[in-house]
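Visitor: Read top to bottom, the protein sequences are chains A and B.
For the first sequence, the numbering used here begins at 1 and goes up steadily by one.
For the second sequence, the numbering used here begins at 1 and goes up steadily by one.
Just so you know, the hints here were simulated from the structure itself, not pulled from any lab data.
The reader is advised that the hints may include incorrect statements.
Unchecked claim - Pairs of lysine-lysine residues, derived as DSSO-like cross-links and limited to a Cα-Cα distance of at most 27 Å, are as follows:
| no. | chain 1 | residue 1 | chain 2 | residue 2 |
| --- | --- | --- | --- | --- |
| 1 | B | Lys-78 | A | Lys-149 |
| 2 | B | Lys-227 | B | Lys-197 |
| 3 | B | Lys-211 | A | Lys-91 |
| 4 | B | Lys-211 | A | Lys-92 |
| 5 | B | Lys-211 | B | Lys-227 |
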Amino acid sequence: MSSANFEPKIVGFLCRWCSYTGADLAGTSRIKYPPNVLPIRVMCSGRVDPTFVIKALVEGADGVLIAGCHPGDCHYTSGNYRALGRYKLLKKLLDQLGIENDRVRLEWVSASEGERWAQVVKDMAEKVKKLGPLGWRSNVEENERQEAKIARG
Amino acid sequence: MSKLKIALYWAASCGGCEIAVLDIKEKILDVAAACDILFWPVALDFKYKDVEAMPDKHIDVCLFNGAIRTSENEHLAKLLRQKSKILVAYGSCANEGCIPGLANLYSRESLLDRVFSETPSTDNTNGVRPQLKVKVPEGELTLPAFYDRVKTLAQTVDVDYFVPGCPPVADQTWAVLEAIVTGKLPPKGSVVGAGDKTCCDECDRKREDKKIKKFYRPWEIIPEEEKCLLEQGIICMGPATRSGCGTACVKAKMPCRGCYGPPPGVVDQGAKFLSALGSIVDSNDPDEIEKIINEIVDPAGYLYRFGLANSLMGQARTK
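Could you put together the complete structure from these sequences and hints?
Guide: Next comes the structure, spelled out in structure tokens:
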């Protein structure tokens, strides 16, 4: 169910060294791109605890975007490899929990890739818009209502 | 001095926690000497109406095991909360859903379809499903409603103390009972009968560096005697599990599965352990990282075997 006016809320975790700088570059270059990502700066993509992603989805986000330095370029040498390992396992888990593939995404965005950042956001916003709202809370509330109905017979 | 009035109840559970209480062996006689057991369906012949007739807060302590799956479980949770001064969530089912909680990976419809139509030995061509009421010559019979998801005790009523474990080990059960009888309980809301570190803290195996090139299922290799199981690639949930059990499983050469729930300060045990597994993959090659991770075949079943109902998501999205 998605209305024509649905604008997805996508929480972004951007690494301070590459991706956040790249996103800033998109801004200073005045590149026009959709405003659907709420950027949160973390020191490294390896800081992103899978709990953050799950909590974002449960608390109302329709999607989560994690952005970090390209492999080999991590400011902390291997943080992005940790992020990749966690992300791959998280995707398998989310698939089992019924979260569509396009809702959670990991991208490598370097400090000079303003254009790429804008393109990634545009692409992800389109895909999540097509999927419609995740509506986690309202689904839970709807289930509770159904349960009360079942109990009443 | 009057005896302590206690009650024990089982909701959606396997019955193991009832056995766990008996696991304190001859000390059960000390319990019987110090306490009056007012309600214990598995062992004694009191009825629900006996509990309903009690004044509020008549029971001093109620050990409630089992998750909340049906309206009957919910009714007894609310009733025993009303009639008890202290309500204890005893065992993993009551604390975090445990194995019954895994049903939250499926929709209610698919669960009923599986049980009543799809299982190989079932012949139900008319698609009969249990109903809540039926009139028979003697009157009306009712069945409890089967809810959409499994809930924990604390998600249903206010809980005073939490005793984790599937089941809680005998030493800890006795420690909790002793604390109850002598009145030496910590502040309300505490986890009791468990430690406040992780299982690794109690484990005898030697830990050095966790660098995994390959994950193994427990049957795939014979583990070395002294080395940490996780360091050998066998997925052991010790790092994300509360201490208190004395690492019984690891002592029996099987990896920890996390039944004592998350350590203090951790909200979602499965997500935390997922993070740990991702971090110990020993590779700086994206393709190799993916290959190693793909050896973990059932993340949801492993990470949330005990704690799905109490996790941040609580259930799979089935619509």
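Visitor: Does each hint hold? Answer for all of them.
Guide: Status of the hints after comparison with the structure:
1. Lys-78(B) with Lys-149(A): Given that 27 Å is the threshold and the Cα spacing comes to 18 Å, the pair holds.
2. Lys-227(B) with Lys-197(B): holds (20 Å)
3. Lys-211(B) with Lys-91(A): holds (22 Å)
4. Lys-211(B) with Lys-92(A): At roughly 21 Å apart (the allowed maximum being 27 Å), Lys-92(A) and Lys-211(B) satisfy the hint.
5. Lys-211(B) with Lys-227(B): With a Cα-Cα distance of about 13 Å, the restraint between Lys-211(B) and Lys-227(B) holds, given a limit of 27 Å.
No hint from the list above goes unmet by this structure.
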